[in-house]
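Participant: Chains as they are written, first to last, in this note's numbering: chain A, 296 to 413; chain B, 3 to 318.
To be clear, the hints were calculated from the coordinates, so they are not data collected in a lab. Built from N, CA and C at the ideal position, the CB exists for glycine as well. Treat each hint with caution, since some may be false.
Claimed, not checked - Partner residues are not named here, just some residues of chain B that face chain A (Cβ under 8 Å, in silico):
1) Gly40
2) Thr41
3) Thr83
4) Leu128
5) Gly132
6) Gln133
7) Thr140
8) Cys141
9) Asp142
10) Gly143
11) Phe145
12) Gly148
13) Lys215
14) Asn233
Claimed, not checked - No more than 27 Å apart at the CA atoms, straight line, and that leaves these computed lysine-lysine pairs for DSS-like:
15) A:Lys386 x B:Lys72
16) A:Lys371 x B:Lys149
17) B:Lys215 x A:Lys371
18) B:Lys72 x A:Lys347
19) B:Lys72 x B:Lys125
20) A:Lys389 x B:Lys215
21) A:Lys386 x A:Lys312
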Amino acid sequence: MTLDTNLTHIASADEWKKILEENENVMICCGRMGPMCIPVYGIMEELEDEYKHVKFADMLFDLPDAAVIRNAPEAKGFMGLPFTMYYKNGKVVKATSSIQSMEQVRAILDEQFGKPQN
Amino acid sequence: MTQSNHYDAIVIGAGPAGLTAGIYLSRAKLNTLILNHGTVGGQLVLTHEIANYPGVEPTSGYKLASTMKKQAQSFGAVIKTISQIPQISVDGSLKVVKVGDTSYTASALILTPGGTPRMLGVKGELDFKGQGISYCATCDGEFFTGKEIIVVGGGNSALEEAVSLSKYASKVTIVHQFDHFQAFPAYVEEAKANPKINFIMETLVEEFVGDGKLERVLLHDKKTGERKWFNTEGAFIFIGYQPNTEFLKGLIDLNERDEIVVDADMQTSVAGIFAAGDSIAKRYRQVTTAVGEATIAALAAANHVFELKRTEKVTA
Chain A
296 MTLDTNLTHI
306 ASADEWKKIL
316 EENENVMICC
326 GRMGPMCIPV
336 YGIMEELEDE
346 YKHVKFADML
356 FDLPDAAVIR
366 NAPEAKGFMG
376 LPFTMYYKNG
386 KVVKATSSIQ
396 SMEQVRAILD
406 EQFGKPQN
Chain B
3 MTQSNHYDAI
13 VIGAGPAGLT
23 AGIYLSRAKL
33 NTLILNHGTV
43 GGQLVLTHEI
53 ANYPGVEPTS
63 GYKLASTMKK
73 QAQSFGAVIK
83 TISQIPQISV
93 DGSLKVVKVG
103 DTSYTASALI
113 LTPGGTPRML
123 GVKGELDFKG
133 QGISYCATCD
143 GEFFTGKEII
153 VVGGGNSALE
163 EAVSLSKYAS
173 KVTIVHQFDH
183 FQAFPAYVEE
193 AKANPKINFI
203 METLVEEFVG
213 DGKLERVLLH
223 DKKTGERKWF
233 NTEGAFIFIG
243 YQPNTEFLKG
253 LIDLNERDEI
263 VVDADMQTSV
273 AGIFAAGDSI
283 AKRYRQVTTA
293 VGEATIAALA
303 AANHVFELKR
313 TEKVTA
C-alpha cells in the first residue's frame, strides 16, 4: 500500500533501508493523503527536478513498517502529520512535524545537503 | 540577466479561482500563464471532502483540484511554480510581473492569491507547531487520544472541529475571544450538547509553553483582566484566513482587512487587473463562489484583451 503521489514510494522497512544505503541525501515524507501532508508532497514534487542530489520519497504513515520513521528518536514528541525526515549517509540530520512551506523545506535542503549546482 | 515573456493574460495563483480563470482564458484561445506560489489547488487541497460542488459527487479537495489543473492545462494554460513573491507594475496598457530575474508582461492580469490560515501570532506558537499545536483536526486528532485539549476560535470550523476532536480527546475546551460565536447555530448547538466540550469565552490565548511538547497556555480573561495558566497537551487553532495581498499594497485598492476591492466585473481599481477568490472583499468564501467570480473575471479580462487588440489593430 502506497500514497497517491508522484514521488518514489517506500512500502517496507527493507525499501527504506535500501534507499538510505543507495543515496547520500534523502528526504522522506511520512504521512497520509491529508491536508497537512499533501502540500509537503507537492513541494517535494516541485523540487525533485531542481535538487538532483537529493532522493525524495514518501511512506504511508499507517504501514506497520513505517515504524522506522514513527518511532525514530528524532520524531519523539511529534504530534502532527506528516513526519518528514532528512537523512545524510543514512543518519537523520533533521526532522520536522506538520505542514511546512516551500521556503522552510528549501532552507533545510540547502542547509543539510547544499544548494543545487545548476 | 532579464528575460521577457509576453502573454495575453497572466493569472497569479492556482487555487480554484486561478485554475477556473485559466480554463476560461485558454478556452478563449488567449495565451495564458498561471504563476503559482505554493501548492496548486490552494486551500482546496486542504479540504477533506467537497460535498456541495454542483454536478460533482462528494470528492476530496485534492482530487477536485487535480481535475481543475488538468482541465486548465488541457486547454493550453501554462502553470509555472514560483518560489518568490511576484512584483507587479503597470506600463501603459501592459501589466508587468517580475519574478526574480524574469519579467512577464500581459494585457490583462487576474489576481487569485487566496488566503492563508491565520495564526495567533503569540509566543511559543511556532515552537510547538506539530508538537502540540495543530491546524487540522482530521490530520492530527488521533495523536491527542485521551488527552485534554483546547480549540481556539468561534467560527464554523472551530465548532465543527471541536466536535470532531471530542471523539479522540478526553476533554475539549473552546477558547473564544468574544461573548458569542460566529458559527451557524446548528454548529453551536451541537458543540453545547456535547458533554466533552467546555467553553471559555471572552478570553485570549497569549502564550504557549512546554518542555519539548505543549504543556500549558496562558489565558487572558478580557472581562476581568486576569491572566492564568491552563494545562493542556494540545491546541487546535481555527481563527480564519488572512488574504495573501501584502505584495499588492500600493498597486490596487485594498480594504481595511487587506482584501482586494473589486467591481461587478471583478475588476480592481486598476483597469485590466481583475481579481477573484478568497482574497477579494466579500462575505462568503466557498469553492463555488471562487469559481463563479473567476468566471466573471476571466470573461471580463478576455473582453479587455480583445478590445485592446481591436483598438491596436484599428490604430495601426
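Participant: Hint by hint, say whether it matches the structure.
Facilitator: So, going through the hints one by one against the coordinates:
At a threshold of 8 Å, the smallest CB-CB gap from Gly40 (chain B) to chain A is about 7 Å, leaving the interface hint in force. Among the interface hints, the one on Thr41 (chain B) holds; its C-beta lies about 4 Å from the nearest C-beta in chain A, closer than the 8 Å criterion. For the restraint placing Thr83 (chain B) at the interface with chain A, the shortest Cβ-Cβ distance is roughly 5 Å, inside the 8 Å limit, so the hint holds. At about 11 Å, the closest approach between the beta carbon of Leu128 (chain B) and any beta carbon in chain A exceeds 8 Å, and the interface hint on this residue is violated.
A cut of 8 Å between beta carbons decides the hint on Gly132 (chain B): the least distance to chain A is about 3 Å, and the hint holds. With a least beta-carbon distance of about 5 Å to chain A, the hint placing Gln133 (chain B) at the interface is held under the 8 Å criterion. Interface restraint check for Thr140 (chain B): the shortest CB-CB distance to chain A comes to about 6 Å, inside 8 Å, so the restraint holds. The interface hint given for Cys141 (chain B) holds, since its Cβ lies 4 Å from the closest Cβ of chain A, which is under the 8 Å cut-off.
With its C-beta approaching chain A no nearer than about 5 Å, Asp142 (chain B) sits inside the 8 Å limit, and its interface hint holds. Because the beta carbon of Gly143 (chain B) sits about 10 Å from the nearest beta carbon in chain A, more than 8 Å, this interface hint is broken. Because the closest C-beta pair between Phe145 (chain B) and chain A is about 4 Å apart, less than 8 Å, the hint holds. Hint status for Gly148 (chain B) relative to chain A: violated, with the closest Cβ pair at about 13 Å, above 8 Å.
The criterion of a C-beta within 8 Å of any C-beta in chain A is met by Lys215 (chain B), whose closest approach is roughly 5 Å, and the hint holds. About 16 Å separates the beta-carbon of Asn233 (chain B) from the nearest beta-carbon of chain A, more than 8 Å, and the hint is not met. About 39 Å separates the Cα atoms of Lys386 (chain A) and Lys72 (chain B), which puts this hinted pair outside 27 Å; it is violated. Note on Lys371 (chain A) and Lys149 (chain B): the hinted pairing holds, with a Cα-Cα distance of about 17 Å set against a maximum of 27 Å.
Pair hint Lys215 (chain B) plus Lys371 (chain A) holds up; C-alpha atoms about 10 Å apart against a cutoff of 27 Å. Simply put, Lys72 (chain B) and Lys347 (chain A) have alpha-carbon atoms about 26 Å apart, close enough for the 27 Å limit, and the pair holds. Distance check on the hinted pair: Lys72 (chain B) and Lys125 (chain B) sit about 42 Å apart at the alpha-carbon level, beyond 27 Å; violated. A threshold of 27 Å between alpha carbons decides the hint, and for Lys389 (chain A) with Lys215 (chain B) the separation of about 17 Å falls inside it, so the pair holds.
For the hint pairing Lys386 (chain A) with Lys312 (chain A), the CA-to-CA distance comes to about 11 Å; that is within 27 Å, so the pair holds.
Against the hints set out earlier in the document, violations occur for numbers 4, 10, 12, 14, 15 and 19.
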